[in-house]
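**Q** The chain contents come next:
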Amino acid sequence: MTHKDRYDVVVIGSGPGGLAAAIAAKQNGAQDVLIIERDIEPGGILLQCIHNGFGMETFKEDLPGPSYAQRFIDQAMQAKVEFLLDTMVLEITRDKRILASSRKHGFLEIQAKSVILAMGCRERTRAQVRLPGTRPAGVYTAGTAQRWVNVEGYMPGKNFVILGSGDIGMIMARRLTFEGAKVERVLEVMPYLSGLTRNYVQCLMDYDIELQLKHTVKNIIGKNRVEAIESVAVDDKWAPIPGTEEIIPCDTLLLSVGLIPENELSRQAGVIIDPITAGPFVDDGFQTNIPGIFSAGNVVHVYDLVDWVSEAGLIAGKAAAVLAQKGKLDETPTIPVKAADNVRYVVPQALHPDHLADGPIPLQMRVTKPIEKPVWVEVRSGEELIARKAEPYARPGEMVTVTLKPEHLDKVKASSELRIAVVER
Amino acid sequence: MKSYDVIIIGGGVIGSMTARSLSRFDLKVLLIEKESDIGSGASSANSAIIHAGHDPVPGTLKAEMNSLANPMWDQVSVDLGIPFRRSGAYIVTIDEDCSCLDGLMQRSKQNGVRAEVISGEEMLKREPHVNPAVQGALYTPTGGMVDPFAAVIAPLENAIANGVEVLTDTAFTGFIMDGDTIKGIHTNRGDFGCRWAVNAAGVDCDDVMHAANVRPDFTITPRRGEYYILDKSEIQIDNILFPVPNENSKGILVLGSTHGNAVVGPNSNLVPGKNDTAVTGAGLNEIWAGAQKLVPSINTRGIIATFAGMRATGNARSLNVDYSHDFLIEIAKEVKGLVNLGGIESPGLTAAPAIAERVVELLKDAGEKLTEKKDYNPIRKQRPRFNHMTRAEQAALVAKDARYGRIVCRCEMITEGEIVAEIHGPIPARTYDAIKRRTWLGTGRCLGSFDMPRVVDILARELNISPLEVTKKGAGSEFLFRPTKETEA
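Protein sequence lines correspond, in order, to chains A and B. In this text, residue positions in the first sequence follow numbering that gives the first Met the number 0: the first is 0, and each later residue adds one. In this text, residue positions in the second sequence follow numbering that gives the first Met the number 0: the first is 0, and each later residue adds one.
I should point out that these hints are in silico values taken from the structure, not numbers from a laboratory. Careful, some of the hints might be misleading.
As the list claims (entries may be wrong) - Residues from chain A that face chain B, not an exhaustive set, calculated with beta carbons under 10 angstroms: (1) Met87; (2) Arg121; (3) Thr124; (4) Ala126; (5) Leu130; (6) Pro131; (7) Asn218; (8) Lys222; (9) Asp273; (10) Pro274; (11) Ala386; (12) Glu390.
Glycine included, each C-beta is placed from N, C-alpha and C at the ideal position.
Work out the full structure: start from the sequences and follow the hints.
**A** Take a look at the structure:
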C-alpha cells in the first residue's frame with residue numbers, strides 16, 4: 000500500500016486501542032487515517048493471546064485474542080484506514096510531525112493534524128522488582144514466553160516457577176501445562192491476587208497449580224541456565240522472613256510482575272506523564288497536554304479487559320477526528336478529577352464539564368487497598384455527592400468504573416474539582 | 000602443533016589492548032579466551048571510568064600506569080572508534096569536613112594529576128542532582144567515561160586486522176615446559192606452541208602463574224561490586240560523582256555513561272568464588288543507600304538493570320612503597336617465557352593501553368628484536384551505529400541498506416542491519432550477550448523482553464542453525480528447549 004505524507008489522523012500502534020481509535024476517527028469524519036505498526040501484521044499483543052476471554056462486553060462472544068483483533072482489523076480495512084506495517088516511529092514532534100523507519104518503506108516523514116498514541120504497555124522486568132541472583136538464560140517475562148510459545152512455536156523451558164499473579168503469568172501457567180511443561184509454583188509478594196479472579200480459577204485452580212501469596216524470589220541460581228530459585232515468605236512490609244526459604248529446582252523463571260505504559264515517544268514529544276499511572280495526563284477525550292496529541296488504551300493506564308481498551312480507543316478516535324476537522328481547539332473549561340479515599344488514581348485526570356451534554360463520561364480508577372465488603376464509588380464536589388455506584392467489593396487488581404451522565408451536567412459545571420472515593424457501604 | 004611467538008591468555012581489556020600493541024610488530028600472536036566471547040569477565044562489568052589518577056597510592060604501579068594511560072585515551076578512542084568522553088570527575092564531600100579533600104589534593108599532586116577544590120555551591124551548579132548538603136568537591140578535569148565493551152572489542156578487532164589470531168571457547172589448562180622454559184600451552188582445544196605466554200587471565204591469573212610454579216604466594220582475593228543502571232528518561236547525570244574514598248575502594252558512585260543512562264555502584268565485598276557475580280538483596284540495598292547520599296533524588300522507579308562484576312584483587316607488593324595490592328607487571332623470574340599481568344583491578348580499564356605498551360618494553364628488555372610492520376594500520380574501521388547518527392545520516396543509511404531500517408531493539412534503537420553486521424564481524428557475535436555488548440541491544444528499560452525472540456530468529460537465520468541452538472552466552476545457555484506440540488513422554 001502506498002502512503003501519503005499528510006494525514007488527518009495518525010495512530011501509533013495497531014493493538015486494540017489503536018484499531019478502535021482509527022475506526023472511530025474514520026466514523027467521525029476524518030478523511031485520511033493511518034496506523035503505523037512496528038510488527039509485520041496488525042493486532043498488537045492480542046496476536047499472541049490465543050486464549051479466549053476477549054470480547055464478552057463488545058461482541059457478547061467469548062473470543063480468542065487474534066479473532067477479537069481480526070474483527071477490528073476487518074472494520075478498519077472496510078473503513079479504508081491505511082496501514083504502514085513493520086515500521087517503527089522514531090520521533091513525534093510537538094507540531095505532530097512523525098518520523099518513522101522501515102525495512103520495506105525506508106525512512107519516512109509524515110505530517111498529521113491529530114496523533115493518537117497507542118503504543119500499549121511493556122512488562123516490568125527482574126531489575127524493576129530488584130530480583131537478586133545470577134543472570135543466566137531462563138529468566139523471561141511472561142509475555143516474551145507467550146510470544147515464543149504461541150507465535151514462534153517454541154518452548155522456553157521444562158520446569159517453571161512464575162513470580163507474580165498477573166493475568167499473563169496465570170494464563171501462561173495454563174498454556175505451558177497444556178504443552179507438557181511443569182509449572183512448579185506461582186509466587187505473589189502481595190497478600191492478594193494481582194490479576195483477575197477468573198484467571199486464578201480457570202488457569203491455576205483447575206490445573207492444581209499452587210499459588211503462594213506473600214512469597215517472593217530471594218535468589219536466582221544457575222550460571223548459564225536457571226537451575227533453581229530460592230523462594231521466601233514476606234511479612235506485611237514485604238520484608239523476607241528468615242527461616243522460610245525454600246529451594247525450588249526449575250529451569251525457567253517467568254515474571255508477571257506488572258505492566259508499564261510505554262511512553263518514551265510521548266515524553267520525547269513533550270507529553271506530560273502522570274507518575275502514578277505512568278501514562279499521559281488526559282482529558283475526557285484522551286487528549287494530552289499537547290493539543291492534537293491523544294492517547295488510547297494501555298498507553299494511558301493498564302486496563303484489565305481488552306473491551307475497555309477498545310472503548311477508550313473509540314473515545315480518543317472521535318475526539319482526534321473532531322479536532323482534525325475543526326482545525327481549532329476545544330476551548331471549553333476543564334476541571335480536575337482527583338483521587339480521594341482509597342483511590343490510587345483516576346482517568347481522565349481532567350474533564351470538560353460541557354462535554355456531558357453530548358453523552359456520558361466514564362471515570363476509571365484503581366483502589367489502593369482491597370475492601371472485601373460492599374462499597375460505594377463516590378463522585379463528590381467538595382462535600383456534595385454528585386454520583387455514586389454500588390460495587391460488591393473493591394480490589395486493586397480489578398479496575399472500578401463510575402460514569403457521569405448528562406443529568407449531572409449542572410452540578411459538574413458548578414464544580415471546581417471532582418473527588419473520587421471508594422468507601423465501605 | 001601450531002606455533003606462535005606470543006600467546007595471550009585471556010580476552011579481557013588487558014589481553015585485547017596487549018594484542019593490539021603487539022600487532023604493531025612482526026610477531027605471530029594468538030589470543031585465547033575461555034568463554035564464548037571476549038570481554039565477558041571483569042571487563043564486562045565495571046564502572047567504565049577512565050580515572051584521572053587521583054586515587055592510587057603514589058609510587059605504586061597502579062599510580063604510574065594510571066597517569067601514563069589517562070592521556071592515551073584521546074588517541075586510542077579516536078583510532079579505534081571507542082565512545083569516550085572526558086567529562087571530568089568529582090570527589091564530593093557531604094557529611095565530611097572539606098579538609099578531608101586536602102589529602103586527596105596532595106595525592107593528586109604527587110601522581111601528577113590536575114585537581115582543584117571547588118565549593119559546594121559551585122558543585123551544585125555543575126551537577127544540580129547532587130545532594131544539596133554538599134560541602135565541596137575535588138574536581139579532576141581529566142577523568143572520563145568510556146564504553147567498556149567497545150574498549151575490549153575495538154582493540155582486538157584492530158589487532159585481528161593487523162594479523163593477530165583469536166580463539167574463543169578455548170581454555171588454558173597448563174603449560175608445555177622444557178626444563179624451565181615455556182614451549183607452549185595446553186588447552187581444551189589442543190596444544191599450541193609459543194615462545195612467550197602473556198598471562199592476562201584476570202581473576203584466574205594466579206592459577207595460570209601457579210601452573211608454571213611461578214609466584215606460589217600470589218593469590219587473587221576476588222571482591223565483588225554490584226551496580227544499578229538507571230533509565231535516562233528518569234534521571235540524567237552528565238558527571239562522575241565519587242564519595243570520599245575509604246581504604247578498600249573508591250566508594251559507591253553515581254555517574255553518567257557514554258550511553259546516557261546513569262550508573263550507581265559499586266560496593267566491594269569479599270566472596271568465596273571467583274565466578275560468583277550474583278547480585279544480592281543486601282548488596283543492592285547497600286549501593287542504593289550509598290548512592291542516595293550523593294544523589295538523594297534517585298528513584299527506584301528508574302531502575303532498569305542490575306549487574307555485578309569481580310575485581311581481581313591481588314597481593315603483589317609495590318617495589319618502592321608500602322602497598323600490598325599493586326598491579327603485577329613483570330617477566331617471571333622462575334621460568335623463561337612468561338609475562339605476568341596480575342592483580343589488574345581498578346584502575347585496570349584506564350591503565351590497559353599503558354600496560355599493553357609496558358609489555359612491549361618488557362619483551363624488548365628481554366632481548367626480543369621487535370620489528371615494526373610496514374603495513375600496520377592503527378585505525379579500526381567502524382560499523383554504522385544507527386542511534387548515534389543524525390536523521391539525515393540515518394535516512395541515507397536506510398536508503399543504502401534497508402536492513403538498517405528495521406528497529407529490533409526499540410528502547411536503544413538498534414537495527415537489524417547492525418545485528419547482522421556484528422554476527423558477521425571480525426570477532427563474530429554468535430550469542431545474544433555478544434550482540435548485546437557490541438550494540439547495547441537489550442540494555443534498555445525492557446531488558447530485552449521485546450527484542451529477544453527477534454534476535455534469536457536473526458541469529459538462527461544468519462548462523463544457519465535452529466533457534467533451539469541459539470544461546471545467551473555459549474553452550475548450556477540455550478533459550479529454548481523444543482518445538483511446541485511435542486509433549487515429552
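**Q** Determine for every hint whether it applies to the structure shown.
**A** So, going through the hints one by one against the coordinates:
Annotation: interface hint on A/Met87 holds; nearest CB of chain B at approximately 4 angstroms, less than 10 angstroms. For A/Arg121, the suggested interface contact is upheld, since its CB lies about 5 angstroms from the closest CB of chain B, less than 10 angstroms. The interface hint given for A/Thr124 is met, as the beta carbon of that residue sits about 4 angstroms from the closest beta carbon of chain B, less than 10 angstroms. At its closest, the beta carbon of A/Ala126 sits 5 angstroms from a beta carbon of chain B; the interface hint therefore holds under the 10 angstroms criterion.
Taken as an interface hint, A/Leu130 checks out: its beta carbon lies about 8 angstroms from the nearest beta carbon of chain B, inside 10 angstroms. The interface hint given for A/Pro131 is met, as the beta carbon of that residue sits about 5 angstroms from the closest beta carbon of chain B, less than 10 angstroms. For A/Asn218, the interface hint holds, since its Cβ comes within 10 angstroms of a Cβ in chain B; the closest pair sits about 7 angstroms apart. Of the supplied interface hints, the one on A/Lys222 holds, with its beta-carbon coming within about 7 angstroms of a beta-carbon of chain B, less than 10 angstroms.
Restraint check, A/Asp273 versus chain B: the minimum CB separation of about 13 angstroms is more than 10 angstroms; hint violated. Interface hint status for A/Pro274: upheld, as the beta-carbon distance to the closest one in chain B is roughly 8 angstroms, under 10 angstroms. Checking A/Ala386 against chain B: minimum C-beta separation of about 33 angstroms lies over 10 angstroms; hint violated. Annotation: interface hint on A/Glu390 violated; nearest CB of chain B at approximately 30 angstroms, more than 10 angstroms.
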